[in-house]
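Q: Starting from the known structure of chain V, arrange chain C on it as the hints suggest.
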Amino acid sequence: MKHLLTGDEAVARGAYEAGVRFAAAYPGTPSTEILENISKYKGVIKAEWAPNEKVALESVIGASIAGARALAAMKHVGLNVAADPFFTFAYMGVSGGAVVITADEPGQFSSQNEQDNRNYAKAAMVPMFEPADSQEAKDMLADAFEISEQYDVPVLYRMTTRVCHSKSLVELGERVEVPIKPYAKNIKKYVAVPANARIMKVKLQGNLKLLEDYSNNCKWNRAEYGDTRIGIICSGDCYLYAREVFGDEASYLKLGFTNPLPAEMIKDFASKVDKVYIIEENDPYIEDFVRGLGIACDGKNIFPRNGEMLPEVIREVIYGEKIEADAELAEALIGRPPTLCAGCPHRGFFFELGRKRNVMISGDIGCYTLSSGAPYHAIESTICMGASISAGHGAQQIFDTIEDNKMRVVSVLGDSTFFHTGINSLMNVAYNKSNTVNVILDNRITAMTGQQENPGTGMTVQGEITEQVNIEALVRTLGFENVRTINPNNLKEVKETLNWALELEGPSVIITRWPCALKKMHEWDLKEFNNPFKTQYEVLEDVCIGCKACTRTGCPAIVFQVDKKKSSIDPYKCVGCSVCAQVCPVDAIQLKGA
Amino acid sequence: MTKNILLTGVGGQGTILASRLLTLGLQDNGYDVKMSEVHGMSQREGPVLTHVRYGKKVWSPVVSKKKGDIIIGFEELEVLRNLEYLRDDGEGVVILNRARVNPIGVLSGKDVYPPNIQELIEARAGRVIALDATEEAEKLGNPRTMNIILLGVALKALGLHDEIDWNKIIAENVREQFVEVNQKALKLGMSLV
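Sequence order for the protein chains is V and C. When we follow my numbering, the leftmost residue of the first sequence carries the number 156, and every step to the right adds one. When we follow my numbering, the leftmost residue of the second sequence carries the number 22, and every step to the right adds one.
Among the hints, erroneous ones may be present.
[As the list claims (entries may be wrong)] Taking lysine to any residue and the SDA-like style, the derived pairs with C-alpha atoms no more than 25 Å apart in a straight line are:
| hint | chain 1 | residue 1 | chain 2 | residue 2 |
| --- | --- | --- | --- | --- |
| 1 | C | K177 | C | M62 |
| 2 | C | K77 | V | D403 |
| 3 | V | K674 | V | F688 |
| 4 | V | K703 | C | K77 |
| 5 | V | K728 | C | K77 |
[Claimed, not checked] Facing chain V, from chain C, some residues (calculated, C-beta under 8 Å):
| hint | residue |
| --- | --- |
| 6 | G67 |
| 7 | L141 |
| 8 | N163 |
Hint data in this document are derived by calculation from the structure and do not stem from the laboratory. Here a beta-carbon is modelled for each residue, glycine too, at the ideal position from N, C-alpha and C.
Isolated chain V, as found in the complex:
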């Protein structure tokens, strides 16, 4: 029986079947569900959320050295964080097979950039697989581990949002137990000092050369001949889109193993078709190689370099079938911008922070990134995980060189982002003495990717109770004297604390501590926060003056009734954070049943 699985579910199954014993990841769309699904094989695979992708990959390297098959999963930008160990791991090679999954985002549904991580395979000289659908996502993984062990090299496994999040039918297999290889001390292999690393690099180049033969003969690269007037070379999900458009009216060279690319196969294919098109998302990765072989082709000269290569995009380029925008619909449409949820603990904080003048608010990656929009207009920059504090530090250093400077930087990031790489940045603030206000929005969970545990929550991905980082103690140890932990739902406390921090001569840290409204509470959370989100507020219509102050909290539970010119609160949404009640100038918002 076949199963309808997403690519993420399928690749997790593939890890199980391939005999993987260790998997580590940091959550990131669209890769998050890979480790979540692997974690279900408790007792068979040890699965871990790492604080960041670099730590995840380094743990995987250790597991490989210790002789087990191991896998790291991350979103495309996560591989930037893990790039340092990634490149050297390629030199060292493996003991137990190792695979690094990168989940790229053509179309940028939930990412800060659209980088094409196939370039990493080429740069690091590692073999690469690109599955097109869920069956391949599962099946190729077993071969990726075989290749890793046979050629003594970690493998890059490139998926994209559509491959990760689309469902298709998958035939399952059984787990193949792969014994842990006995550990053997091997300094020349695992100590990457220059004398060893020079030799390692030559070995890696040799292995990659050997893999050319595999690439030209493996089952994942194949030519499918239909009409030979059009020949399409493609990889990953682009094969499905091309097939959708051309059916049998074209021939295809479908590539699933894409580093090294199969030169002989490409030459042979090109010689049998009249015209070669390269259909790939983002960079001209295959195209550059094909052109390097002296083969004339059309690629990024006619296809866009941005976004997905969906069938409608291909049809427009090849057949000129442009889909005209419907002006009448565009005119009628209104937006549905993402908002902070009702009860979100970030709301009260940004309501106050957004009102401050002469501050630059340095932001980061998380739900709070949404505070750059209406009605808060708070954060002014978002770069990458952990950058709020360090970019804020750099900005403050410059502001402070300006005579009569009034600008203060407030850097904000969440608990998980702080653990990810913000810790290093905060250390830098203390060490290099910038006068910034640093805010850790501790909502007790990794929220934006859909509620993942982290080093602060006291629980592992496989449901074991564990240590909780004490953020305040940690921050004090880094060298901060001005540290306060506050309840972000208490606007008076937020305001006073911000004023306190902005008036200080030195740097400070504010920790806002209140759980995400969507969090599945642990026993200790319920105790600490006194069983939150169980109350509701209501608007006393006869008291409400229709001033709309409450709507400026940006809470989706507040409904302004235009006809009555009164506010109301949606009882299905309100979870009783009380922020709107504190904002109301006439006390028209009251606790229900009080």
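A: Quick look at chain C alone, frame taken from chain V:
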């Protein structure tokens, strides 16, 4: 021939269960089936668009614009937003749940919820089946079965109501205490067309 279905609404309306049952039923009946889902950055009440394609052999998991055979609309504004997916040869079907989930701009009184959505849809679709599925669900005693009522309407409109044993699909994939009410909801939906 591959059929193209789109389900659209906002997070929390139950599009996920509806599309899951739909795809499982199609699979059970021997179709090749693919599904692709896109949602924005909101954790709650964000726009959701699910693509479902089925046939003898399905290639792309994504429905192309102007190729959709049917839009199952859980929320009016989201139908409007995704109407560009509907085939433009006058054969497209839209199931329009008369439900409005106001985006933040409307809640705060800045935007006005488009008043003429049904007209705009009717001008573009071959057939519009408009209903208040929440009200129908309330009659059944469980407003949360709104999604399954809409699924029932869609299955009838697609002609899939007889060919597949949907009661079995529900029994196998829904928690025991909700099986009966969901089966009733599906039947009710089918009877509304």
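Q: The structure should be examined with respect to each hint, and the outcome stated for every one.
A: Checked hints:
For the given pair, C/K177 sits about 33 Å from C/M62 by alpha-carbon distance, which is inconsistent with the 25 Å threshold. Simply put, C/K77 and V/D403 have alpha-carbon atoms about 15 Å apart, close enough for the 25 Å limit, and the pair holds. The suggested pairing of V/K674 with V/F688 holds, with an alpha-carbon distance near 10 Å, which does not exceed 25 Å. With a C-alpha separation of about 55 Å, the suggested pair V/K703 and C/K77 falls outside the 25 Å cut-off, and the hint is violated.
A hinted pair counts as satisfied when its Cα atoms are at most 25 Å apart, and V/K728 with C/K77 does not qualify at roughly 43 Å. Annotation: interface hint on C/G67 holds; nearest CB of chain V at approximately 6 Å, less than 8 Å. A distance limit of 8 Å between C-beta atoms decides the matter here; for C/L141 the minimum to chain V is near 6 Å, and the interface restraint holds. Of the supplied interface hints, the one on C/N163 is violated, with its beta-carbon coming no nearer than about 15 Å to a beta-carbon of chain V, more than 8 Å.
When each numbered hint is compared with the structure, violations occur for hints 1, 4, 5, 8.
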